[in-house]
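Number of protein chains: 2
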Amino acid sequence: MLEKRIRLKHLLDKVTDPDTACRHIQNGTNVFISGFTAGYPKLIPQALVRRAKDGDRFKINLFAGASTGDAVDGILAEAGLIAWRRPYMSNRGMREKINRGEIRFKDDHLSRLSAQVRDGGLGKAHVAVVEAIAITEKGHLIPSMSVGNTPTYVQEAEKIIIEISSEPPELEGIHDIFIPEDPPYRMPIPIYRSGDRIGKPSIEMDPNKVVAILYSREEDSCAVFNEPGTVSQRIAEHILDFVAHEIRHDRMPPALPWQSGVGDVANAVLSGFIDNDFFQNIDIYSEVLQDAVLDLIDLGKVRAASGSAMTLSHKARNRFFNEIYRYRDKIVLRPVEISNSPEVVRRLGVIAINTAIEVDIYGQVNSTHVMGSQLMNGIGGSGDFIRNGALSFIVTPSTAKGGKISAIVPMVSHVDHSEHSVDVVVTEHGLVDTRPLTPRQVAEQVIKRCAHPNYRDLLWDYYQQAIRASGGHEPHILSEAFSFHERFMATGDMQVR
Amino acid sequence: MLEKRIRLKHLLDKVTDPDTACRHIQNGTNVFISGFTAGYPKLIPQALVRRAKDGDRFKINLFAGASTGDAVDGILAEAGLIAWRRPYMSNRGMREKINRGEIRFKDDHLSRLSAQVRDGGLGKAHVAVVEAIAITEKGHLIPSMSVGNTPTYVQEAEKIIIEISSEPPELEGIHDIFIPEDPPYRMPIPIYRSGDRIGKPSIEMDPNKVVAILYSREEDSCAVFNEPGTVSQRIAEHILDFVAHEIRHDRMPPALPWQSGVGDVANAVLSGFIDNDFFQNIDIYSEVLQDAVLDLIDLGKVRAASGSAMTLSHKARNRFFNEIYRYRDKIVLRPVEISNSPEVVRRLGVIAINTAIEVDIYGQVNSTHVMGSQLMNGIGGSGDFIRNGALSFIVTPSTAKGGKISAIVPMVSHVDHSEHSVDVVVTEHGLVDTRPLTPRQVAEQVIKRCAHPNYRDLLWDYYQQAIRASGGHEPHILSEAFSFHERFMATGDMQVR
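So the sequence lines, in the order shown, correspond to chains A and B.
Going by our numbering, the first sequence opens with residue 106, and the numbers climb by one from there.
Going by our numbering, the second sequence opens with residue 106, and the numbers climb by one from there.
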């Protein structure tokens, strides 16, 4: 098996066991790993945890593509092995330590991180630990289910540890690896269609930097998607109806590519295309490709789907692995600095759909901090797409916690995306296109159409009081702006009882 | 004179007087004007005001490139003739009416407006009113001191009114007019250096749409720059020292182009290059070019300066007009969707320097709303550059109103740019590079290095209380977050007396 996967034969000498390999990682090592919801190394994290349990005391600085789940972020955080983590995570245990200040975390726009690594802004790339399905005759890497920042990490690393995974060799050819030049003198990123391939199917690597190769039978932990519920379905319907309406009235060209964030609602939006006859030949230029993309390919509705990673449920993963040849020509996996490139996103005119924790009456968006202070996951690629897309949707169910939290609030408790970058606000109740409206008109419409009926009067009262007390272009009463949040923190319910 | 300026002879038949011309503008007309701090029409606004004074009651919807000053925004707002205004203004009288809700205003990222006009999102372009220095033999327009959105307005307008201004004919050749294709199928914008010319020196126009031509002797009202004061100079020094340090330590390439916002501080930053030996062959890829650019060209320090407009003091304007030939090869004036293009800004790796009303301890930025509600000017191009630049500085004097307002606050009262997009915070007291820091580290540094000494203890107290009361990734106490603002509104001073 390993003989087939390691095609540059002298590298077979580097095959070793995880406990030996992980000695290259010591206290203070900057560790740059593959992984972007999938495709992360599994053996080295386990070996590090074992070493810690054996009494070795050390902390590493961990950089990935994006989130890596329990198998990396979870177990390393729990073992207390992380000093720094960037650029994104979504693990509960890690989140708690970040919020207690025990793990240092900075939340980066995903499109920027590779360039920061290349310019040295994140310190030396001591060790790269990357999952691959094969090493080519030239000693280049074939990644697994994600690309993320791996090409740059491999290029910049002093030492490289490779985990050869057992995923099907037919994945070879799905990746498109292109590291852009760095400014000031560089050519455009030559992508003109979602499916354009501009690079190589493998990651260039200096084989002399490889210090260890491991053979892994571990699998990515799979995503669990809930069947689209009524709320997600309604949100998806609002979006598709709106876009179809805009196209029919000649206010949008018909073939703009779609980006949809990560999670149930994002998956539901793409699932919405399944029974929709208006949309055919769909282009997807997104970050993470989920189950719905496979469904749409099966139906012959996708022209091309570009992303940096595939996050599939167990069932979809099996389907994909059994018939990769059917999907491979439609799917392109790219480095995240390309999948999320502001240059390309703006050029293609991406329709961006991203979720929020909360949205305020003027369309300001909180994607990251619960009650203003507690980090949820991070901004991820949402800013790359929202700010530069041709049309940006922000979607959220109108309430959370069984109705005790309104996702529409007078003022969001943290802002990640400003009203200037958000075009359309959507909940299950309705949708507001903010583009032709003043902030006051936005407030009136968002309260009437997007807020949950239980909160409309409270929001309207705030807005009317703000007009009287402050006036201005965006009337606010600063002493009352967070009254919903304060009430929730005091009573566990944003509603007045 | 007019014979020389109107080189397509049959258009001479269209020469008329302002009062006749302005009859093409009626109640409800969407009027799209040239102008971006300079280069706006002067005669038609005056004629509209005269008509209103004679008893005609009407309101127009006014779209420009950016701000147009008293001669347009001021007199039209005062006369009550504006229903809608987009995308940016900086006029006191207009601002007051916007804040009272008497003029409808939406604050747009400047790079996006032309595309919205082309896709019909702003309604029909009934009448374009544009200043030009000449009409070519083919019937194309040579703009004056700005380009802004004029190429698209002229392309989309049903009727065109032209004000031929008396500015020197030698301006011809300074403009570079390129309307990008619209998505989804388009090629890159082919700019690889600040000075690249990719279009034509004139704006294409269908001469059959011209309904009136006026001859104007009115001049743009000139900018008044204050001699850089100590505060502006210190801010400039901090920025140039930092960038030089980064370049010397190989953390930045040496030739990234510079963008500097509008106003005294922005002008001071560029003036800082004058006595600085480290920086030579400077590329400027900015929005508005001010006096300092001419000084730097005189010193042979500028390789190329790109912008969408020139805003010069009276003195600099005379110098420029007397020797245009010396400056013309160094300066390129482009449509604002090109000068501010996220695609180009990201590709070139622009160093972006923009001013703020206030910044909070975590680096969130308020560029638009005083005390959360009252519009100041608008976001302008700051989001185009901050979000996509290679290195983004936010600059502000540490205090305003004689020390009664701290520009560093616990939480900004409105967010236009999130901490994820802002790299370096600068006041006259110092500078914090937020890129390698967690939010808590940013707070500590911003309080110590950027805040005015009179406010450091107050900010530190808030921050320490927030850690104790809320914890989290960005500790905040929502009930106290606006305490500085509330104190100012109650007592006229953010300090505790």
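By construction, these hints were calculated from the structure, which means they are not laboratory data.
Take these hints with a grain of salt, some might be off.
No copy labels: a pair is met if it fits in one copy or bridges any two.
Cross-link-like lysine to any residue pairs, in silico, SDA-like; alpha carbons within 25 angstroms at most [to be verified]:
1) Lys264 x Arg156
2) Lys229 x Arg128
3) Lys164 x Arg540
4) Lys119 x Gln600
5) Lys202 x Thr241
6) Lys305 x Pro293
7) Lys229 x Leu361
8) Lys164 x Pro541
9) Lys435 x Arg291
10) Lys305 x Arg291
11) Lys435 x Pro293
12) Lys264 x Ala157
13) Lys264 x Glu332
Tested hints:
| no. | hint | in the structure |
| --- | --- | --- |
| 1 | Lys264 x Arg156 | within (20 angstroms within a copy, 76 angstroms between copies) |
| 2 | Lys229 x Arg128 | within (18 angstroms within a copy, 68 angstroms between copies) |
| 3 | Lys164 x Arg540 | between (48 angstroms within a copy, 21 angstroms between copies) |
| 4 | Lys119 x Gln600 | neither (62 angstroms within a copy, 65 angstroms between copies) |
| 5 | Lys202 x Thr241 | neither (40 angstroms within a copy, 67 angstroms between copies) |
| 6 | Lys305 x Pro293 | both (17 angstroms within a copy, 21 angstroms between copies) |
| 7 | Lys229 x Leu361 | between (40 angstroms within a copy, 23 angstroms between copies) |
| 8 | Lys164 x Pro541 | between (52 angstroms within a copy, 18 angstroms between copies) |
| 9 | Lys435 x Arg291 | between (29 angstroms within a copy, 21 angstroms between copies) |
| 10 | Lys305 x Arg291 | both (19 angstroms within a copy, 23 angstroms between copies) |
| 11 | Lys435 x Pro293 | both (24 angstroms within a copy, 23 angstroms between copies) |
| 12 | Lys264 x Ala157 | within (22 angstroms within a copy, 75 angstroms between copies) |
| 13 | Lys264 x Glu332 | neither (43 angstroms within a copy, 54 angstroms between copies) |
In summary, the numbered hints that this structure violates are 4, 5, 13.
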